[in-house]
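Participant: The lines below spell out each chain.
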Amino acid sequence: MHYFPLTNDERQEMLDTIGVENFGQILQAIPSKLKNPTLDIPPHLSEIEINRLLGDLAAKNLHCKNRSSFLGAGAYDHFSPSIVNEIISRNEFYTAYTPYQAEASQGTLQAIFEYQSLICELTGMDVSNGSHYDGATALAEAALLSLTKTQRSKILIARSIHPDYRRVVQTYVERPGHEIVEIPFLADGNLDNEFLKKHLTSDVASVIIASPNFLGLVEDLEGLAAEVHQNGSLFILVSNPLSHGFYKTPAELGADISCGEGQPLGIPMSYGGPWLGFFATKRELVRQIPGRLVGLTKDSQGKRAFCLTLQAREQHIRREKAASNICTNQALCALAACVYMAAMGKAGIRQVAELNIENAMYLRREIAKLKGFKVLTTGPIFNEFTVICPKPVSEINHKLLDQKIIGGYGLHKKYPELQNGMVICATETKTKEELDQFVQALKACAL
Amino acid sequence: MNFPKELRYTKTHEWAKQNADSVTVGISDYAQHEISDIVFIELPKVGQKATQGKAISVVESVKAAFDIYAPVSGTVKAINTTLESDPSIVNRDCYGNGWFFEITPDDAGEINSLLASDQYETFLKEAAH
Chain F
78 MHYFPLTNDE RQEMLDTIGV ENFGQILQAI PSKLKNPTLD IPPHLSEIEI
128 NRLLGDLAAK NLHCKNRSSF LGAGAYDHFS PSIVNEIISR NEFYTAYTPY
178 QAEASQGTLQ AIFEYQSLIC ELTGMDVSNG SHYDGATALA EAALLSLTKT
228 QRSKILIARS IHPDYRRVVQ TYVERPGHEI VEIPFLADGN LDNEFLKKHL
278 TSDVASVIIA SPNFLGLVED LEGLAAEVHQ NGSLFILVSN PLSHGFYKTP
328 AELGADISCG EGQPLGIPMS YGGPWLGFFA TKRELVRQIP GRLVGLTKDS
378 QGKRAFCLTL QAREQHIRRE KAASNICTNQ ALCALAACVY MAAMGKAGIR
428 QVAELNIENA MYLRREIAKL KGFKVLTTGP IFNEFTVICP KPVSEINHKL
478 LDQKIIGGYG LHKKYPELQN GMVICATETK TKEELDQFVQ ALKACAL
Chain P
-12 MNFPKELRYT KTHEWAKQNA DSVTVGISDY AQHEISDIVF IELPKVGQKA
38 TQGKAISVVE SVKAAFDIYA PVSGTVKAIN TTLESDPSIV NRDCYGNGWF
88 FEITPDDAGE INSLLASDQY ETFLKEAAH
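Heads up: the protein sequence lines correspond to chains F and P, in order. So in our numbering, the last spot in the first sequence is 524, and the numbers never skip. So in our numbering, the last spot in the second sequence is 116, and the numbers never skip.
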């Protein structure tokens, strides 16, 4: 990106045009004691000193390149092929944003269109939007859509969905007249289907499930969609998109809306963001979808062209009656995910998914052998599972750090009913040596 | 422009037709002309309550969305589902096959409070100034 500051001559020309002698005159309205306050900051540093200072600060971070990390819980350490960074670093993409003079940005629109297409391939759904900022807000928008579409007042949402996602949904949905009912999970981590059946009443707009869920379990969703649909409600599935390289797609499971966090698709963890919310639906819901939709069409000369479409959903046309107030997408991250999916291809994504499952299952099997550790999630998993530890997780994780290992997520705060519960994650980045080392380290911590 | 004499009109450009025990509603020739190419129509549901002057339907062109207001209060009796597959009928035949919905009115006389054809034409001429 090129930046040219103003020259002194240009500044003078502007001042002359507006009839002002110097810049200070424009600031006359500000009391002089507020102008140019004394700032107690150290003197300036040279470039080499700055590099050293910031480098030392950054080196204090523990991350997956200098530690063996088994922490997931919504942020995943995956390998991103170098082509992803190569393409998104191009000037034309890196500084671009969601297009407003849309049709002038054909390259950007094409990138978003290809992203949408690949998300549909991966999830099996009919339509995908141009993306949301993250999985949590994508889910919140899905919940809102279900309330508007069905004109009902209640949503049933699984407790085994990421606690931060549930909190965001609550923020979006909570208002007089709306009700959020939490579906509990059973001792083995599976959804409490009996509870769900009992609460599937005529005021339910949607049933929201995560699979894999926060504990790592891939839920048995056979027949659930049919039941939900028979009640006139929508079935919303939140998922890790990479898991569909192996497990059934949201479309195969009968979901009306498929959404979740796209960070596993080639996007770095980056201390929490920017990430990517994907949002895809059945065709019938296309006019209620929030966010940007890129379409393929022909220009007046019959040449292929991309455009923003179905814009009457959006607030710059519909105003307060718009499907949502979102008027943007997460363009760069969507492009990263698009490049990742294209580079990996169907076979590559399948392979990555299998590697994740194999690593996690191996680790789970080995930890199950350890005295004092009990596996809670014995069912099918993707790259995470939950274990009840013999000691508090904070204690264990503290000890693990001494061995340069970042342990799993402690459930005690958000799931007090699962004290000493740890959600452990093993992605394709883990070698067998690392997995074995982790098992040995856990064993030592329990002593 | 054409404004059939047997119909009644609103200042928001809907027309209303008195049937034996219901009122059929659509949009006037002026409205369909202003909106131009209609790509989608969101119709009310059968059984839905209609309140005179309140928005009950939405018409979309590519670049804009327009609220359609109920000309009389009552209950929606029927909707024109052919508009779902071909909304452009409204541009071609706004008084015939381009009807939107039928209302069973709460007050059979309420339709008479609407504008007659010549009153509507006068209103349009004045609004144009």
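Be a bit skeptical, because a hint or two may be false.
[To be verified] The calculated lysine-lysine pairs, modelled on DSS-like cross-linking and capped at a C-alpha distance of 27 angstroms, are: (1) F/K423 to P/K32; (2) P/K64 to F/K226; (3) P/K50 to P/K(-8); (4) F/K398 to P/K(-8); (5) F/K423 to F/K451; (6) F/K520 to P/K64; (7) F/K375 to P/K64; (8) F/K359 to P/K32; (9) P/K(-8) to F/K275; (10) F/K423 to F/K398.
Since the hints were made in silico from the structure, they are not lab data. Keep in mind it's a predicted model, so treat the numbers as computed, not measured.
Participant: Are there hints from earlier that the structure breaks, and if so, what are their numbers?
Facilitator: Hint check: 1, 3, 4, 5, 6, 7, 9 and 10 fail, others pass.
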